[in-house]
Structure formats: C-alpha cells, structure tokens
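First to last, the sequence lines map onto chains A and B. For what it's worth, this note's numbering labels the leading residue of the first sequence as 435, then goes sequentially. For what it's worth, this note's numbering labels the leading residue of the second sequence as 18, then goes sequentially.
Treat the hints as calculated values from the structure; they're not laboratory data. Don't take each hint at face value.
Straight-line Cα separation of at most 16 Å, EDC-like style, residue types lysine to aspartate or glutamate; simulated pairs [claimed, not checked]:
#1 A/K537 x B/D47
#2 B/K69 x B/D87
#3 B/K69 x B/E101
#4 B/K53 x B/D87
#5 A/K537 x B/E75
#6 B/K57 x A/D451
#7 B/K58 x A/D442
#8 A/K483 x A/E500
#9 A/K549 x A/D519
#10 B/K112 x B/E75
#11 B/K57 x B/D87
#12 A/K549 x A/D451
For each label pair, taking beta carbons as the anchor points, the in silico distance ranges come out as [to be verified]:
#13 A/S486 x B/N68: 24 to 30 Å
#14 B/L59 x A/H516: 40 to 46 Å
#15 B/V32 x A/H474: 25 to 31 Å
#16 A/N488 x B/K96: 33 to 39 Å
#17 B/S56 x A/Q492: 19 to 25 Å
Listing some non-contacts, in silico: residues in chain B with all C-beta distances to chain A over 10 Å [stated by the list, open to error]:
#18 F38
#19 K57
#20 K58
#21 S65
#22 T76
#23 P78
#24 R94
#25 A109
Just so we're clear, the structure is a prediction, and the values are computed from it rather than from any experiment. Beta carbons are placed, not taken as given, at the ideal position from N, Cα and C, and that holds for glycine.
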Amino acid sequence: TQTVSQSDAHVTVFEGDSVELRCNYSYGGSIYLSWYIQHHGRGLQFLLKYYSGNPVVQGVNGFEAEFSKSDSSFHLRKASVHWSDSAVYFCAVSKNYGGSGNKLIFGTGTLLSVKP
Amino acid sequence: ETAVFQTPNYHVTQVGNEVSFNCKQTLGHDTMYWYKQDSKKLLKIMFSYNNKQLIVNETVPRRFSPQSSDKAHLNLRIKSVEPEDSAVYLCASSKGAWGGASAETLYFGSGTRLTVL
C-alpha cells in the first residue's frame, strides 16, 4: 500500500525567505513521487516529479525536491519565495494498476502563506 | 495555458436532483480522471478511463457514473445528489502509458464546484 503524508497543514514565511514543505511516503514497489500546486480557486498544476536517478529534482519557478530513501521523504524547497507562491502544495505518490493505468494518491496538502 | 476544460464552473442544486459535469482535454492524452476535493482540500480519486475504458473505479456511491464518448471527453453524472456530494470535482488527464516518465504527470482542469442544498 502506498501512502503519502504532509505533516504541516500551514506554513507561513516572509517574501524572500527560504521554505521547505515536508512530505513522507510509504510504498510497496516502484514509486513515482511528485508535487503539485493549487492556487485559490484553480486546479492543480504540476511542479516536479521523481522516478529514478538524481535524488534532487528541479521544477518550475525555482522549486526543487529531494528524494531520500532512508528517510522515506520527498521534501519540496525553494530558496527565495515570492508572494505569488502562496498556494496549497500537494505531495503525491503513484500507484500502478498494471497495463495502462495509474493513480496518484495525494497528501493532505500544505497551505503556504507568503507575507510581504 | 488551459488544456483541460470543465463545465460548468459552479452548480447549485437541490437534494435528489440529477447533475452532469463535462470535461474535455485537448492534449491528445489517453487517460482521464475524476477527483473529488472536499472542503478540507482532501483529494480522492473517483474514476479513471483509458481510451474510453474504465480502469479505476474507487469505492464511490452508485449514484455516480462516468461517461466517455471518446478519449478526449470524460463526463460525470450524479443521479440523485446528496448533501455530502458538495465538493469541487476536478477532471484531469495524462498520457497514460505506464513505464514512461511522462505517464505520471497529470493536467487538471479548474474544477466544478457543486453545492447541494
């Protein structure tokens, strides 16, 4: 069974600060991990993903995430946030149904508030 | 740039009514999904279709039924709505081919907010 947990429901930082949003997972096989962002009133948008290779993956808008097998984590980071980064961030793990199907299981989300 | 289109954006209805939501994707993807997002932002998959075939059907009440005319369209019908159906329904698509890195990226529409009075 694959699950994903986000321990922080709400994170508040100031513009220009660095931020780390935490994600931990459990899995039973091949794993895809990804992060999505959801601005208020919008659908989710893909940020980045990890499948294999370099454990640090780069995404859009200066975001990066680091996969750690030992910690079962896939934390999202940004060195300097902008007010427009205020949104809900979802970590997701992928479950395969075999053949041509897969399903993303999302964490509970972390609301990032960036103050000016 | 929007490539997954959902209609309507909002819908308010009474308990017991039937509603239908539409979703279309212009990305040429093979797989489409419906997710339900509740008031606490929790996301739960409901259905997944690949090339018009149902491949994922999570435990949802029988009053929910997906409908796909072709791989670019996946509609959702709720036969007799209940108050707990109030939520945002998100449609998404992906290339759908397992084993490829691109298979896991989902593209979402803006959602349909359903309010059941």
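- Query: What are the numbers of the hints that this structure violates, sorted from low to high?
  - Reply: 3, 4, 6, 10, 11, 14, 16, 17, 19, 20, 21, 25
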